[in-house]
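Please assemble the complex out of the two chains, which come individually in their own frames, going by the hints.
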Amino acid sequence: MENVTQPADNEALRRSFLGAPDGVAEWFQTTDHKRISLMFLGWTAGAFLLMMIMAIVPIMKTLGGPGMSTRLLLETLTYQRFLQVIAWLVPVLPGVLGFFLLPLQLGAANMAFPALSRCSLRFYVLGLVLMIGTLGTFPVGTGWTLDTQLSQLDPGAFGVLMFALFFLGLSWFLTGLNFIVTVHHGRREGMGFFDLPMTAWGFYLYGYLLVASGLVFAILVLYLAASWVTTDGMFGWLADPMLWRTYFWFALRPVVFFSLIPGVGIVSDVISGLARKPSTGYRTMVGSLIALTGIAVISYGASLFGQGLSPAGGLVFSFLSLLAVVPAALISFTWLSTLYRGSITCAAPANFSLAFILHAGLASLLGLFLASPVLGRYLGATMFVSAQLDYLVWGAGTAALLAGLHYWWPKMMGRSYNNDVARIGAVLYIFGLNLALIPRVLMGSKGVPQDLAGIVPGSLHLAEISSLGWLFVYCGLAVVAGNLLVTVWGKDAAERNPWGATTLEWTVPSPPPDDNFS
Amino acid sequence: MIGSANLSAWFPEWASTHAPDVDVPFFDIYVVSACALVVTVGLAVVFLRTYRRQDGDPDRMPAQGNNKLLLGVWVLAAVSLGVYAFQLGLAGYVAQDVAPYGATEIGVTAREGRWDFTYPDGTVTDTLRVEVGQPVHLTLTTADVAQNLSIPAMRVQQPILPGRTTEAWFETIAVGSFPIHSGTFSALTQDSLATAVISLSTADYDAWVAAVGDIFAGRTMAEVGELLYNQQGCKACHSLDGATVVGPSFKNVYGFEFLTTSGETITADDAYIKESILTPNVSVIDGFQPVMTPYAGKLDDREIEAIIEFLKTLSERGHAAGQEGK
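From first to last, the protein sequence lines are chains W and D.
Take 1 as the starting number for the first sequence in our numbering and just add one per residue.
Take 1001 as the starting number for the second sequence in our numbering and just add one per residue.
Isolated chain D, as found in the complex (with noise of 0.2 Å):
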């Protein structure tokens, strides 16, 4: 370890156990072909000095050949250098494949234009929360393009691929807001809002997983029934535009009539709603199949009630109904 000293010109603080395992090879090769360069271009410098032409020098200088036991100095040296360089920063490298037992689980998905954090009691989260002194283990997707997980405060760089998983993992030594860039080709991406890792105290971050939890604290009931709609996995099949899916959008649902395929026709009211969702399959609407998970145990009776209330949000016939039921 040359220097370890004045880093900070460098790089980002040194906010994970990652840092130093980086920034010290770093600081040593650039000490040492800092060195190699002055040598080089400072010779070249000295000898184009040294022996300019003078007036009575012969047309052609004699030939000379290389001096071998100079040369071998030289070429051992550049040798040093490289193994050098190779072997630096071994340990390092293995130990950023390897997360360490008992990492938190966290799903991270990329699009154009957005982050998804997911954590193991299924929150989806804008920005990453992470808890100081606990190692992180993520897994890393992309539902459109190529992108790059980039978080130099935690030393991290880990590219997430289209049809690929890739894992990066980290252990953060520092309370505060570090961000993350995407580094990737597209203006959609570069102009949208840039993301953090928020990392917590002990006790913070406690009190947010207890907060995010609780879904229904600080939300109104609709507002909670389009959180479980992102969560639940409900808008894989269901659009809110009026597009048809794998089911039907939730677009003019609520209130609306319809056909099922056993040929009566009914009206999704509340009930008929908290059917369709604890048990899909009982009775099926016209053109669909019945391909529904069935949520009769994932969602309590309050949820469904919230879910209800979004669905009026998105229907013309669902304002005058939603104003009783409040």
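In isolation and in its complexed conformation, chain W is listed as follows (with noise of 0.2 Å):
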């Protein structure tokens, strides 16, 4: 293996990839992708942190704490949700993942439009803060699917939350126009696109339904926010409100419920690596991300279950959904074929990648069920739709990011980390998120509503087994962070390649020089 980088080469690099010899302002200017990679990761972790700070409220009320206002647990629920949603599962796999490997991967000195990147992570920075500003001053406590009613009768600062909304569907849109622009003009010399890695693939892919889904659900929160000012309109009092049901799924159900297609192509570079393998099927591979994408784009409806789609559409929808079955059969297939007699490194992001399989498994599995047209319409609007979203949140989202941070980080920050420790914090993760759901699943088919700040009675243990899962959950990820972040300032320096890859981000130091590959 070539490991021509001499370790003091490597602490140079370090030292002027980490420090600011200009101060502050340089990392506020800068346009390079991996210290904008670098900043998303900071912001997306702290909208999570506060997420889960949020989350104790409705834990303590089940446990019996002190007594809070209805109106606020339900401002509660509204902002985790926006925060675990439009602030971290669609924004941190392209925001963390896509920035830094994407130029890497391609080959390039840096992405397409370089200005727009920084611009993204503005936009992602500005909204957030906006949010997180309606949440400390006139909280909004509608849900965050924003039933049109229930948003004109809101006393909070809803208009500025639509701003908010609004910022970070920009952000969205300019993060996928960057990915597919940086994918056709900034691949190497001779790369076609079928030598693409999955990452790549998967982001290029999660691109257009980044570019659709943020453009749309921009547009929709300003109508929206017209509409909450003069009460009339498209979303006002007398509106329909299944109109604006439609629009919202229509906008988020790609980015939401297929924001699994990136974590796709981060998990089959993370087995194929650590298998020392390639890939069994890369065609099939690539067939299937883009089949996903496409069914993305067409089964909004599902969404709509038990929510006021008509029979006819329910027959339609279910169909449509389940198409989805063949390419998760392929891809996990593939998946299963490249471990079977490989070599493979059993090390952390091994954990992870098992547990992104397992989530992302459930949550499809969970949508299995929502598809069978008579269930869909009695499991609807029960927690076990909301049990589906915190699988993929929770789950999948964050499995992946996870998988790929261990994977890349002796990368990205030239370290590497504690194996043992991770290993460790995966178990709690995984081990306390599902018993945290399960019980919500089983919640759900016994007909307890979607987003109910109570406890409705007989369902009182399942809350309390969740609860215990929950602190899991916290211990592993403070476990899982922890560990990570002090390699900040840890001395262990990283090989170049410490699992054998192939793909190109591997070829260079870590962390690699200014312009990738000069």
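Think of the hints as simulated: they come from the structure by calculation, not from any bench.
Just so you know, these numbers come straight off a predicted model, no measurement behind them.
Don't take every hint at face value.
[Claimed, not checked] Stretch by stretch, here's where chain W covers chain D in the computed footprint (C-beta under 8 Å, at least three residues):
id : region
1  : 1052-1066
2  : 1136-1147
[Claimed, not checked] Reference listing, derived: stretches of chain W covered by chain D, where coverage requires no fewer than 3 residues with Cβ under 8 Å from a Cβ of chain D:
id : region
3  : 277-288
4  : 303-314
5  : 361-369
Just so you know, even glycine gets a beta-carbon here, dropped at the ideal spot from N, CA and C.
So this is what it looks like as structure tokens:
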């Protein structure tokens, strides 16, 4: 294995990358994709942490904690979902791993539009700060789906919140645009589309969803804000609520539920990297991802089961969303056969990839229940659906990020982390999450409504078990994050290519120099 | 039907004929998809353990393709899982949409913090009373925000949307009280008292119908008056708090003087109020349109007396008069 960089070079690179000789302004002004990615990591992790702190409120209530008004609880639930979905699940993989890896995997010096990357980050931060601003002053309590008449009645800073969502949507749009153009124009001489690593494919295809959804969502929330101000118009007091519900899911279903697409890309690279073996079915994988992207766009009605979809519409969207079983089968099969007879390094990324397979699998199988027409109608407005979304947010999305971070961390930071500690964290997280969410699935089938502030009699036991699970999740994530964070000050220099992988990012020093390949 | 055992861990008890239509497909999909998950994740775990990197392994392992035959079987299995899930509940899905002939028609009006159930005879209650073995057909509307009629024990889940009328039906098979949830993101609703379906045996149901049929049983005259005010549509045009809606508020009517459109001044005493209810357009209060529905033939003397008693309780001048009227 070639390992030409001297540790001394490595240190110099690390200092110039992480340090800021010209002060904080250098980080503020930077258009370097690697630094943008680190800043995205910081901000998204901050949003997630805030969400975790807020999530303690409903858990406390379950355990008979201090009394608090229902309104306060509904506001908490509302912002928790905004932070989880709009500020975490959708932007986190592109923001952190997408920006870091895309130019490196293509052999480019930077994104196609470096200034636009900075713009994505700034809009994200602006949106996030505005959102937290409304939370701290006049919080909105409509639920994150912003149902028409509830929005009209809301006494909070609804208009400002819509602008926050507008900027977040805009940030998705710009990120997606940048990804697409970078893949089209940034590829190294001679690299064809079918030479792209799977991670790059995942981000490229998700880029299209980000462009479409980001734009539609950003415009929609402006209309909603206008209707809120005038109490009239498309989403005014007298409007049919199905209009908003349909638009909302048309915009968000693809990016939210198919945030699995970049996750699948990342996990494919991690699996074939750890097994030291090319993927057994590259074209199968690419084809499946393209199919998933298509299904993402046409199956939005699946989020309307039990929400007012007509009976015939229910059948049509059941069928369309069930089409996803074919790519799902192809993907899982390819992973398994790549592992088969590999030479697998059983390090932390393997544990997190397994977590991704388990959680993405569970989320998809819960989707199978919902896609069965009679069950979709019964379960569509219960805790069952919110458990499915939790499996995406806390489960698949988070696991994909952690798998990717643990796989590429040596490259990003030039430091290796303690593998055993990371694996202990992974086990706590996986065990805890399922202990926390399976009771919620059960509450769903028992008919407990989706976003209920109180406890339905008879489900108290389940709620208690679930709280215990969350305790494990919090501990696990704290261990994992702490373990990565200490490496920033650690001295344990990473090898250039610890996994023996063949994609381009492993050919440059860790961390990569300013313009990557020079 | 792979397993119908022990559904109780997953579902509320079976209280309606819809229950098997939902529970059995659920359990079947549950068993099959649990197998799929265990096989997939199990194989991944086994491979991760079996093919650990050994000393002396080459730097890169040789490339290898997917086994076409196995892949075909795998995909076929997944497709059959999808088709299975799709068709499994189809019959139940269709059945839930078509209420049987002869079902009792009940109107449901939701508003933040309150449910109104209106029965064929015009009775309005805040809990839904049904008779075992008799299907009910619900017509759902909402006065303000979107809600969800959720009766888990009946396996009924139906959105209630502003500006639309939706429907649901069910037939209970068990006597008891079963919770109804509204599943809306409104503090007002979630704080207010939960409502329920009260499923009664035929004898109890008939007794209840007879009891509510006689509105005077167990009520004072003024209470009957208030009930009629709510049931007979007066509340659509007359407020109780002094606000003018379509007609004058019922606050401070009894015993007060009013100017009519023909210019005379009348005193709202028993006789005038009775006339106003039976033939309202004979003398119309100044400043209002003659739009009130005549209630002649719809309310009998005793009911009108009850309304008058109710109006007395709302009037500053009604109190003294009310004492001697009793």
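Here is what the structure says about each hint:
1. Coverage of a stretch by a chain is defined here by at least three residues with a beta carbon nearer than 8 Å to that chain's beta carbons; for the region 1052-1066 of chain D and chain W the count is 13, and the condition holds.
2. Requiring three or more residues with a Cβ within less than 8 Å of a Cβ of chain W, the coverage given for the region 1136-1147 of chain D holds, as 3 such residues are present.
3. Closer than 8 Å: that is the beta-carbon criterion, and the region 277-288 of chain W has 5 residues meeting it against chain D, so the requirement of 3 holds.
4. Figure legend: the region 303-314 of chain W, annotated as covered by chain D; annotation consistent (5 residues with Cβ-Cβ distances under 8 Å, at least 3 required).
5. Coverage of a stretch by a chain is defined here by at least three residues with a beta carbon nearer than 8 Å to that chain's beta carbons; for the region 361-369 of chain W and chain D the count is 5, and the condition holds.
Checked against the numbered hints given earlier, the structure satisfies every one of them.
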